[in-house]
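Chains as they are written, first to last, in the working numbering: chain A, 1 to 139; chain B, 1001 to 1430; chain C, 2001 to 2482.
Partial list, derived from the structure: chain B residues whose beta carbon lies under 7 Å from chain A:
1. MET1001
2. GLY1012
3. LEU1016
4. GLY1020
5. ILE1023
6. TYR1064
7. LEU1071
8. ASP1115
9. THR1337
10. ALA1340
11. GLY1341
12. ALA1344
13. ALA1347
14. LEU1351
15. PRO1366
Hints in this document: simulated from the structure, not taken from any laboratory.
Here the structure is a predicted model, which means the values were calculated and not measured.
Each residue gets a CB set at the ideal place from its N, CA and C atoms; glycine is no exception.
Spelled out, the chains give:
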Amino acid sequence: MSALVANLLKLAFVGLLYLFLWQMARSIGGHLVADTTSARRGKRRVGELIVVRSDTQAGSRIAVADSVVLGRSPEADALLDDPYASMFHLRLTMDGDTMSLADLGTTNGTYVNGRRVTSPVVLNAGDSVQVGKTIMEVK
Amino acid sequence: MSRNAEAALLAGAAVLAALGVSIVRAAGGDTPDAQTALTFLVVGLAFGSLHLAFRQWAPNASSYLLPLAALITAVGLVEIFRLDPRAATLQRWWLLIAAGFGIATLAVLGRFGTDLLLRYRYLFLTAALVTFMLPLLPSNWALGGVEVNGSRLWLQLRLFDTTIVRFQPAEFGKLLLVVFLASYLASRQPALVSMTRKVGPIVIPEPRQLFPLVVAWAASFIVLVYQRDLGASLLLLAVFASMLYAASGRVAYPLVGGGMFLAGTLAAAQMFDHVQRRFDAWLRPWDDFADTGFQIGQSLFALGSGSLTGSGLGLGRPDVIPSATTDFVFAAVAEETGLAGSVAIVAAYALLVAVGFGIALQARDPYRKLLAAGLTTVIGIQTILIVGGVIRLLPLTGIALPFMSYGGSALVANVIAVVVLARISHEVST
Amino acid sequence: MNTPIRRLAFVLLAVLGLIVLDLTYLQVIAGPRYRDDLRNPRLAASRSSTERGPIVSREGIVLAESTAEPGSGQTFVRSYPEGPAYAHTVGYTSLLFGNSGLERQYAGELSSDSDLTISGIIDTLLGREQGAQGIRLTLSHPLQQTAQQTLGDQTGAVVAIEPSTGEVLALYSSPSFDPGVLLGESPIAGDALAADPGVPLLNRSIDQILAPGSAFKVITAAAALESGAANPDTLYSDPLELQLPGSTAVIRNADRGPCAEGTEVALATAFRLSCNTVFGQIGIDVGAEAIGSTAEAFGFNSEIPFDLDVVPSVFPTGSLIEDPPATAQSAIGQRDVQATPLQLAMVAATVANGGVVVRPYLVSERFDRDLNILSQTNPVELRRAVSPGTAAVLAELMEAVVESGTGQAARIEGVSVGGKTGTAEIPGEAPHAWFIGFAQSEERSVAVAVVVENGGNAGQAATGGTVAAPIARAVMQAWIES
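Let the hints inform the model, and build the full structure from the sequences given.
So, in structure tokens, the structure goes:
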């Protein structure tokens, strides 16, 4: 192989590497800028649920900042003292002003306004959330 | 970037791999042969099928992950082929296996969501600890540990006196531990931030909150020290400290973690000869060049000989570097592609790390944020440890360079990590 | 939680940035050091697989060549047929001991592996074969041999220059060595050379500065003449010893007597007989600054542009101002004045060339495999050191030294020869014997500097006139008669 060909191939390989990276870097750069602007889009609020019916917890309040997991486990963020609740039962998430709920695949399920939750749902003020015998209300 | 652009870039990576293999053949005076075609096909097949799996189970996932992984894998395959064509053949099989594992993982996550991992956190912790301990199984068992180069990291399956397969379970243990940490820290995050106890002037979290963490860390750390793998201990500690910091926002965790590690390594340097030798080689490589300094010396010669544009693929002498296909693969690439190539590779890792953290920033809940940040940290810290070691910025630790080093277990684990990251980025928008 | 994650990302990316910086340092800035490290196995592989071009003398005698190892065809062996005569100048290229001399300075041209130069990249891109080039030296074989024979086993150096062009005709340092012993695979012979107390590896013609003694009086005289304060007939008092002002020290002549009759003496006579008392006084009269600027015009206190690195010769002007005793001693080439033989040969050449300093050079041309000349070196006039008038007067003064003064041993029948002897006193050791001068016939001219350290075979009895002048004569004659 002549020196010329060797050098051209060498440059071609590295050149292709950089072409590839350039394509990536260009769109990733734009992507990250978009991300930082969306991240600044306003502060997250803290939502709240009030336990309206429970054997032991009636009247207590559950604050929801960022994300909170409710369950029967002492390791859950907020305790659900209900024999029908799973160890980790459901997740509440605040995104801006919007609170959403996801059931963590439990046996007995989670009911919002009487309807069993199958995929994440958005909660509005006044909605009722039922787990086993426990009923909570969104403030 | 669209999924179609992703597909185009993946095809580009396959072309790059084929071009590289052809250049290596040409440098040896040969014409492109079946190796070129096989490399093109395997890279294309592995990443192409992962791409299709993305379309099926994570259509909204970040489209940057796969092309970056493919690019690094392609360059790694070329250099491994250049150094040891037989190893390249094996690595191609491993790439296909890794793609299979990646697709399976994605299929499971696609069906049950990432929350699945959240539900079985202690199962993951147990599994992680078991994988770390597997190499300690007696080596005469059918499934037993093997000691290589003074470190007991390998598990091998032997049937009828033939070694069927060898792998490093710790590669998977790292991922399992990250999954546990993410779910544990996410659920404990408010406690870590708010519940504090004062010890004199220092504010520390409630010890009860940290107890499982300390147990997990100590157990894995002790096992790793026992297996004599400095690099993996360093990696685990860094990942622990990083994730604790990400969850709590308190710099004290990484500081205390760093202090503990420093104390640990100094003690290890006193107790274990092989750790002491690593430090000697790092600080004074030329003093005992013929012995401890030989590896790092050969690596520096390779880097210096590479200069600006390198010797050209197949035209350098990376074969004189010990462990050139594994620990020192970066030095081999740097010799043959020069500073131009080595900086491109580091840039590819930097982009991968940036994308990973970008996914963490956008993830929809603390659990996913921590999982994404943890997986990215594992990839980033491994890169820094081994590249830093090869260029003598850090003491040399035997760690695989993600996606590039020859080695099946690491490749499989890294593909799984990328797949989980992808699924997390997909779930942002659902 | 996003803030700590951002910081974490920043830290990891910053470390990756640090890695890029370190890579730049290792691969480009410190790269050549690692690449050329003797322990780098790539070196042996590439050196012996590339052919190096030959180095030949002025007459075409082969001084260094590569020959293919029988049978292999791909590995080449370097050899130095003339051995010690050219060892310091030609140098060597050894796997164990690195490169030296022209083999080092012209490594790029000789091995044509300089792929980092722009022209090299262009040539490679255009597919132009960069075959190994050869270089022809200005060194003349008869002169080099004469220098080697006449110095014999004495420690010293000989430099000969063509005054009008700057071609270096001889550059020899004794003791020398056989570069061949450094080429083998065993370091034993080379280590012994490096440890030899005679320091044979040192190139005494350019890498070592010594007190020039009275040879420096050429410069002192030049400074006096240039200042206009003196001419050859200017009379100076002729004391038995020169009492140095403001000190108890005295300057005496070599024979401890007066210069001439003990009353008054002309500058020309004092130069011819090399009288320290008179030149000490001239030094005080002219002053350190004038002598210093004249010395610098001749090339002192700066690097001489040359094919090899030359240690700069020293005239410490600054420390002498307002110190007349030190100035007097410096004016006769003692105290802290120190010069390389090459520098003093250039002084003699400048005088013979009418006062113009010419750049000395060793490589006259580069040629390719087919002996086509690729480039030729043209003479370069660096600057005027003294006026043509002063140069002419200096030449006459120096011719008188050889005709009827201290340098009569350098006389060649039928040839105009000028010179100046020097006997530099070294406390506790035998003196260094110097002779610098020139010879001019109808067709040819040559300037030389010879030093024999510590008196050579003559020991304490040595003077420049008895020990160095005959060697200079032989070398000059070899050129004039060749």
